[in-house]
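Visitor: If you count by mature numbering (1 follows the signal peptide of the UniProt record, and there is no 0), then the sequence shown holds residues -27 to -1, 1 to 149, one letter each, in order.
Treat the hints with caution; some may be incorrect.
As the list claims (entries may be wrong) - DEER-style ranges, computed between Cβ atoms:
{"no.": "1", "residue 1": "S14", "residue 2": "H103", "range": "39 to 45 Å"}
{"no.": "2", "residue 1": "S50", "residue 2": "N122", "range": "32 to 38 Å"}
{"no.": "3", "residue 1": "P86", "residue 2": "E114", "range": "20 to 26 Å"}
{"no.": "4", "residue 1": "Y132", "residue 2": "P86", "range": "32 to 38 Å"}
{"no.": "5", "residue 1": "R68", "residue 2": "T121", "range": "33 to 39 Å"}
{"no.": "6", "residue 1": "A102", "residue 2": "H52", "range": "29 to 35 Å"}
Don't read these hints as lab results, they were simulated from the structure.
Even glycine gets a Cβ: it sits at the ideal position worked out from N, Cα and C.
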Amino acid sequence: MAIGGDAHRPLFLFSLLFLSFVIIAQSSDDCVYTVYVRTGSIIKGGTDSIISLELYDANGWSVQISNLEAWGGLMESGHNYFERGNLDVFSGRGRCLNTPVCAMNLTSDGSGPHHGWYCNYVEVTSTGAHMGCAQQLFTVEQWLATDTNPYELTAIRNYCPDVVGKPKGGLSSTDQ
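Produce the complete structure using the sequences and hints provided.
Guide: And the structure:
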């Protein structure tokens, strides 16, 4: 029985080595994104809703973060994210974009007892292997709520230059 097991050992080791190579190759294509979100100091400006963020480059490619807190919340244990006056910090990995982040779609799912949220700004930094660090500030200054002007749960900011052939399913150049 030991002879049969030894015969398969090189194949097993090769498979492990190949799998490790694939995992390392995939992770080297990832970038690190750090997101700073400032909630307004307006009364009832905080929220218990789930906040998502999609980041776009000038070519319309994007990285989607479906739940900022679950993706990479860096605040202390028990911290209540997106509350009045907070500066919340998140960091995680995602696919590298071809050009720096220049547009975003910030969305609240509107859930929870306090769904309305006033966001001052979102600041994003990104970096990856063999590439520089990029930083973009998105001024939001808007309620994400269904009961307050502008009565929307999404804020889109597009600071991308107009590029011929853009977007690839992303934001149009008329979005602000």
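Visitor: Find the hints from earlier in the document that the structure breaks and name them by number, from lowest to highest.
Guide: none
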